[in-house]
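A.B. asks: Work the whole structure out from these sequences, hints included.
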Amino acid sequence: MIPRYQKIVLWLLLISSVLMAAYLIRLRARAQDQLAAVPDPVPMRAPVEAPPEQATLMVANDADGSLAPVERQVALPAETTTRARALLNDLFAYYAESDSPHPLAVLPAVNDVFLLPVPASKNASQSDSSSASSTTDNQIAVINLNRSFVDHHPSGIEVETLTLLSILGTLHANMPQITQVRFLVDGQPKDTLAGHADLTRTYLTANDVPQVTTSTNSPDGDVSPQKTPEKQP
Amino acid sequence: MLSTLLLVLAGSWSATAHAQQMPAQPAYPQPSTAAPLQSPLPAAAPPAAEPRFMVVLDPAHGGADAGAILGAGDPEKNFIVALAIRLHALLNARGIHSILTRDGDTTLDNNARATIANSTHAAACVLLHATSTGNGVHMYTSSLPAAGPQDARRAFLPWQTAQASYEMESLRLESDINSALTRQHIPVLLARTSIMPLDSMACPAVAIEIAPFDVKTPLTDLTYQEKIIEALATALQAWRSDWRMQP
Ligand SMILES: [Zn+2]
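Going down the list, the sequences are from chains B and P. The opening position of the first sequence corresponds to residue 0 in numbering that gives the first Met the number 0, with each subsequent residue numbered one higher. The opening position of the second sequence corresponds to residue 0 in numbering that gives the first Met the number 0, with each subsequent residue numbered one higher.
Among the hints, a few may not be true.
[Stated by the list, open to error] According to the in silico footprint, chain P covers these stretches of chain B (three or more CB under 8 Å from chain P):
id : stretch
1  : 61–73
2  : 145–157
3  : 196–202
[Said to hold, decoys possible] Counterexamples of contact, computed for chain B against chain P with all Cβ distances above 12 Å:
id : residue
4  : M0
5  : Q5
6  : W10
7  : Q33
8  : P50
9  : Q53
10 : T55
11 : A77
12 : E78
13 : T79
14 : D89
15 : A95
16 : D98
17 : P107
18 : V109
19 : P175
Because the hints were derived from the structure by calculation, they are not lab data. As the structure is a computational prediction, the values presented were derived from the model and not from experiment. The beta-carbon is built from N, C-alpha and C at its ideal position, and this holds for glycine as well.
C.D. replies: Structure (structure tokens):
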């Protein structure tokens, strides 16, 4: 038979351990609440305090299929990923304006931009694969488009091609280290933008924009679809 | 008490360990340096004395894929197949052999279209689209970088980029069509793009997108349509001579 005092000690120990467990659970819940109250450290938009800089948007025009530079004052953060996204946000804000030459109404157009170093096999200057150090080396931009923007994008070869060229041209004009661009839509690969322009391939910002064809009317710039001189009203 | 603490400690340790084991590579697609040889093309027809001049007309979209919605609410797929059928008839009347990838409202994927063009060894592949944006005719050749030496081709071509070996011929075909449209006083936009199945076609190929002539003359204008069909037929006749004269 267990002595009475031992029973009492046992019960006291049991009760105290239950109380301490309850206190521990309460502490944990409180810590969780405190953690949740801390604001999300991932910046969702370009910080407002970034100083406005002159940026060149390559703006598409549906009427004549052209791409023309437009100078804008844009708040551009120094960090390259947010800088690329701020540039594209400004480009699509321009297209959403009422007198847009290339009307695209649904915003945001771009969810994220990821910048990655071009693999060493293509970028012979850097054999070391330590990725973070190569800020001056060529980069691939993976542009994650917004599904709703893509679903509402007008369908047609010209209009879709111009949207892609405008993105490539704007990145090339302001961030020449971005030499390749790939596209995703809500994180998934998609065949076309809106039934025409190919979204599955890797675009080269310097080469994939239209180059010299048989006509002679356009300037020699990288980024300019060619028009025939004979266009008549 | 002790056991509770141990459990908490074990839980936090395993969470940290899990985080450390997470691979530090993002899930992004790597750019492919070499496209997989999905469907290598068979060797093309040997250079015969009388090569057959065949035109492949590819009215885009069809079936489940309506394409763009045109001004009057018409789907692009219906407008363009009707126009292609009329062009096909005119070509046949002028002694130019042509085939249509579709002549009804059927769903046809891009690989099937390219397979038709490539198995025909076509002398010209004309992809037909329509849009309500812009004006005149927008004409596109592939924006793929041109492939290497001419003699390296006609053996095996990567399916995704077969058109890269036909850049020069496609530009010459585009030039013939441009001249014929300009003679009909139709505004022409020449540009490059990357669309399927154009990039997979092993033939001189252009994509033609027909837009309204101007604000007063919509796509439905029959005179405008006639001018385009006439210009395309004339251009393909001119291309037949150019194509036969090439080495
Ligand atoms: Zn189309």
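A.B. asks: Can you name, in rising order, the numbers of the hints this structure does not satisfy?
C.D. replies: none
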